[in-house]
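Trainee: Protein chains in written order, with the working numbering: chain A, 1 to 911; chain B, 1 to 113.
Quick caveat, the hints were computed from the structure, so don't treat them as lab data.
A quick note: this is a predicted structure, and the numbers were derived from the prediction, not measured.
Backbone N, C-alpha and C define an ideal beta-carbon position, used for all residues, glycine too.
Do not take every clue at face value.
Listed below are several chain A residues computed to face chain B (Cβ distance under 7 Å; list not exhaustive) [as the list claims (entries may be wrong)]:
id	residue
1	F31
2	I37
3	E56
4	F58
5	T62
6	E66
7	C68
8	I71
9	D72
10	A313
11	Q316
12	A320
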Amino acid sequence: MTRHDPERRKLFRLPASRRRLGSEIDRELHFHIEGRIDELVARGYSRDAAEREVFERFGDVTSVREECEEIDVMTHRRRELEELRAALARDVRHAMRGLARRPAFSAVVVLTLALGIGATTAIFTLLDAVVLRPLPYPSPERLVVIQHPVPGVGDDHRWGMSQAGYFYFRKHAKSFANIGVFTRGTTNITMPDGAERTDMASVSASALDVLNARPHLGRLFTDDDNRPDAAGVVVLGYHFWQQRFNADPQIVGKSITLASTPYEIVGVMSPAFDLPDYRAQIWMPQRLDPDAPAQNAHYLQAVARLRPGVDIAAAQADAAGLTSRLPEEFPLAYSRGFMEESRFTVLLEPLRDFVIGGVRRTLWILLGAVSIVLIIACANVANLFLVRAESRGREVAIRTALGASRSHLAGHYLAESLVLSVLGGIGGAALAYLAMRALLVLDPSSVPRLAELSFGWRPVAVAFVVALGIGGLLALLPLLKLSVTGVDVATLREGGRAQTASRRQLTARSTLIAAQMALAVMLLAAAGLMLRTFDRLRSVHPGVDTSNLLTFDVVLPFSRYGGIGLRGTATYGPSFRYYREMLPRLAALPDVESVAITTALPIQDSGGCAAVYVESQQSANRDAAPCLPAVIASPGYFTTMGITVRGQAPTWSDMESKTGGVVVSRAFAERMWPGEDAIGKRLRPNGFGEPYYHVVGVASDVRAAGLDKPPSEMVYYPMIPIEGAPLWQPPRGASFVIRTRGVDPLALVPTVRRTLSGFDREVPMASIATMETVVAKSLAKTTFAMILLAIAGGMALILSAVGIYGVISYTVDQRRAEIGVRMALGARRGQVGRMVVTQSLRVAACGIGVGLAGAIFTTRIMQSLLYGVSPTDPITLVAVTLVLVAIAALASYAPARRATAVDPVEVLRRE
Amino acid sequence: MPPADLDLIRGTLDLLILKTLSWGPMHGLAVLRWVEHVTGQRLQITEGALYPALHRMEQKGWLDAEWSYTERNREAKFYKLTASGRRQLAAELSKWSRYTEAVNLVITAQVAR
């Protein structure tokens with residue numbers, strides 16, 4: 001019998017073709033048939049008879065042959081695949097062993113790639129969750145928000161819908177499958193263990209239909225629930241039901257006390273459903289009265305679903321047509337004059353754009369920034385690969401001499417770079433995961449939809465696709481070099497002595513470094529601009545003394561403190577008495593210096609706006625009447641906030657005797673009465689007749705609308721309106737401000753809470769924050785962009801430094817001989833060192849030059865993120881240039897030292 | 001050539017081939033002859049079943065095939081049991097004995113009256 005050796009067989013197997021497989025089967029069957037015939041002939045059959053007998057028994061030879069051939073072809077294919085896998089596994093194993101032998105090289109490559117891939121993956125995950133992924137509603141592309149821009153009231157002012165508008169649109173608009181409205185707010189819920197403020201939403205049944213809400217238990221709302229006379233029902237949010245009611249399955253039909261009024265629980269909302277970017281714990285029907293007289297009050301947020309096949313432009317035209325007919329339909333609410341002055345129009349915006357808002361641009365800029373980091377990382381790794389490919393010239397030559405084909409080498413390089421890049425990808429995914437966790441801790445409240453952020457398979461997939469792409473590209477590098485220069489067998493003859501790197505190779509690497517520098521300049525410029533913006537914003541004085549200031553909100557229940565006052569103080573009493581009673585109690589607490597209330601906390605609350613008419617101007621120039629937030633301030637407000645007042649702010653007794661004294665901000669005073677003293681002047685809110693309030697004080701300016709906005713024009717009204725004036729709603733909701741005597745404001749919270757519940761246990765504290773936090777939060781968007789850009793810039797800086805160090809240090813090693821000769825010929829050490837540093841600086845200068853041009857071109861897209869600096873801010877650009885020049889010089893310092901330490905005698909002896 | 005007494009029970013062909021090859025590498029004709037010889041011609045394998053079965057078992061990795069020369073110096077394709085083929089043989093043998101035991105139990109059982 002023959003020896004059987006699968007290894008050898010594999011080695012010498014002929015290239016299989018269908019024909020060869022077929023002919024083998026023919027030979028096998030032929031042998032069989034011949035053998036059978038011989039057998040019969042030996043037993044005395046004639047040749048012919050034997051043949052007949054054999055074929056008869058065999059049956060259809062062709063079909064047997066075909067069956068066998070089919071099996072063999074399949075067998076062959078499987079074997080080929082298996083061998084390919086085995087070859088790949090062998091290459092990968094080999095690559096791993098090779099990389100393990102060079103731990104420094106491998107670690108640097110993997111770490112560099114992990115940094116780049118991690119940063120890119122993290123930001124992509126964020127962008128994906130916030131911007132790219134559709135909103136969690138069915139056919140979200142058909143959802144739009146209906147708003148009413150009123151440029152006549154304020155540049156960016158957009159109003160929601162009015163009740164009458166809602167019914168009018170629902171009846172006449174043809175473009176929408178349905179229109180829904182909702183309002184968001186908070187309510188006081190009284191539980192056995194005390195009262196708390198809870199986020200709630202009031203919705204029309206149609207809004208739930210538009211967004212396709214489903215109940216988890218019980219039912220949701222019907223149009224009847226929205227009627228003003230309907231019984232009080234609520235639906236609990238899923239999480240609220242889980243946490244506060246222990247997921248009680250019998251909850252439907254039970255009662256709950258909201259704002260001191262009992263409501264029946266009719267259902268629990270499905271866990272998957274939220275309003276756009278808002279988690280309501282309590283759902284209530286929005287009260288909507290189709291028979292109420294039309295009012296120009298646009299307090300409803302409207303969301304609509306387009307009919308299938310209707311595009312947003314057609315719907316916009318439809319809505320615009322309806323809006324223009326409002327004055328005819330409701331002449332009392334929408335007078336011609338109002339329409340002209342406010343330039344009241346309608347605007348349909350895709351719901352997604354409405355939710356995402358301006359953060360889309362920030363996130364794309366950040367993705368651009370981290371992509372640059374990734375490119376820089378790749379450039380570094382590419383450089384390392386090039387260096388390595390050169391030092392491996394001898395190894396490659398030996399392999400080629402031993403018969404390794406180009407495809408063998410390709411497989412080897414591919415395996416090596418894939419192993420490295422996949423390891424980098426794994427590290428990157430891990431880094432991205434950590435970065436996401438860190439980001440959620442940072443909690444940028446300026447970024448919407450963060451609740452939907454999850455680290456699922458998508459980021460991991462991104463990390464791996466990026467890693468594999470990079471791996472493939474890196475594998476091309478040595479191959480490219482191979483195909484350009486060819487395998488240099490002469491390397492072998494020279495005994496592997498190092499040669500000076502060819503000029504072309506050096507140029508390639510210097511170009512990579514220069515490109516890196518250029519990208520780093522652009523990133524650092526962006527980071528620098530954000531830093532400057534942040535610095536500018538931080539140095540803006542908000543107009544209030546934010547230190548040692550505690551703020552919190554209360555809302556007094558309507559049933560006991562409410563009632564719309566018409567004239568007189570009867571219905572005004574309860575809420576006023578609450579504050580009148582509460583403020584001295586809080587002021588008497590230890591460590592409290594002073595305390596006050598306001599209806600609009602600077603920076604935090606934008607509030608609505610009310611037109612302000614100044615006496616003697618109103619007839620001449622009605623349009624000029626500014627629409628300002630109607631802020632009510634209690635006595636002590638200005639001293640507590642650290643706002644200085646010229647004149648005399650109203651006291652408790654002024655308010656109680658309804659003298660109608662108001663304080664105006666300096667910005668307001670200077671615009672309305674330029675060059676005159678504002679004190680003693682008169683003004684009134686809204687368009688109704690007498691009486692006028694009179695200005696008793698001018699307050700220093702506050703940037704109430706945000707640090708990046710100009711000082712606000714403000715009118716601070718007293719808590720009780722002037723005698724004879726129409727009454728606004730009593731301030732049932734207000735912010736308390738408490739100035740402490742140097743102790744941490746948050747340390748006061750327990751005693752303040754006890755004092756509040758001691759007076760009325762159904763009025764909880766909410767939105768507790770220090771004023772410093774309120775200001776910091778208003779900078780969240782800037783802080784977020786700044787921190788991330790600074791991280792990206794820092795990474796770019798480090799990677800560039802490593803890159804330039806690597807290349808310079810390599811060239812010094814390559815030029816040892818040349819340096820030795822120079823020194824033997826009399827070059828001084830200083831000259832040699834300068835030569836090295838100059839080389840580094842020359843490369844850096846090219847990169848920085850290109851980078852500056854690029855930065856001037858690209859930072860323009862950041863305009864909307866900046867405050868107080870131009871996108872081409874010279875200080876930033878100069879600073880960035882200096883930093884990079886310094887980095888280039890520093891990175892070449894160590895190689896330069898090494899160059900000066902070259903001993904010419906030793907070098908020459910070796911030559 | 002006398003006709004065979006018994007039809008091959010389905011599924012036993014693999015077992016017969018594996019067992020036959022356990023004696024050493026053989027070509028297809030030899031496998032056929034061996035089975036006929038051992039059973040005294042009572043069991044006959046048809047070529048139409050044998051060759052596809054051999055090729056399929058080669059694909060499954062139970063057999064290895066190699067071209068070599070017979071004693072009479074004729075070139076033939078020899079099949080040899082691989083390690084996984086031996087494992088398969090053991091599995092088929094135990095399956096077969098369990099099967100025949102079960103069949104025997106049924107056909108020898110007495111009904112209690």
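Trainee: Give a verdict on every hint.
Mentor: Status of the hints after comparison with the structure:
Because the smallest distance between the Cβ of F31 (chain A) and any Cβ of chain B comes to about 5 Å, under 7 Å, the interface hint for this residue holds. For I37 (chain A), the shortest C-beta to C-beta distance to chain B is roughly 11 Å, which exceeds 7 Å, and the interface hint is violated. For E56 (chain A), the interface hint is violated, since its Cβ never comes within 7 Å of a Cβ in chain B; the closest pair sits about 9 Å apart. Taking 7 Å as the C-beta contact cut-off toward chain B, the hint placing F58 (chain A) at the interface holds, the least distance being around 5 Å.
Interface restraint check for T62 (chain A): the shortest CB-CB distance to chain B comes to about 11 Å, outside 7 Å, so the restraint is violated. At about 10 Å, the closest approach between the beta carbon of E66 (chain A) and any beta carbon in chain B exceeds 7 Å, and the interface hint on this residue is violated. Satisfaction of the interface hint for C68 (chain A) is found here, the shortest Cβ-Cβ separation to chain B being roughly 5 Å, below the 7 Å cut-off. Because the closest C-beta pair between I71 (chain A) and chain B is about 4 Å apart, less than 7 Å, the hint holds.
The criterion of a C-beta within 7 Å of any C-beta in chain B is met by D72 (chain A), whose closest approach is roughly 6 Å, and the hint holds. Violation of the interface hint for A313 (chain A) is found here, the shortest Cβ-Cβ separation to chain B being roughly 63 Å, above the 7 Å cut-off. Among the interface hints, the one on Q316 (chain A) is violated; its C-beta lies about 66 Å from the nearest C-beta in chain B, farther than the 7 Å criterion. Checking A320 (chain A) against chain B by beta carbon gives a least distance of about 72 Å; that is not within 7 Å, so the hint is violated.
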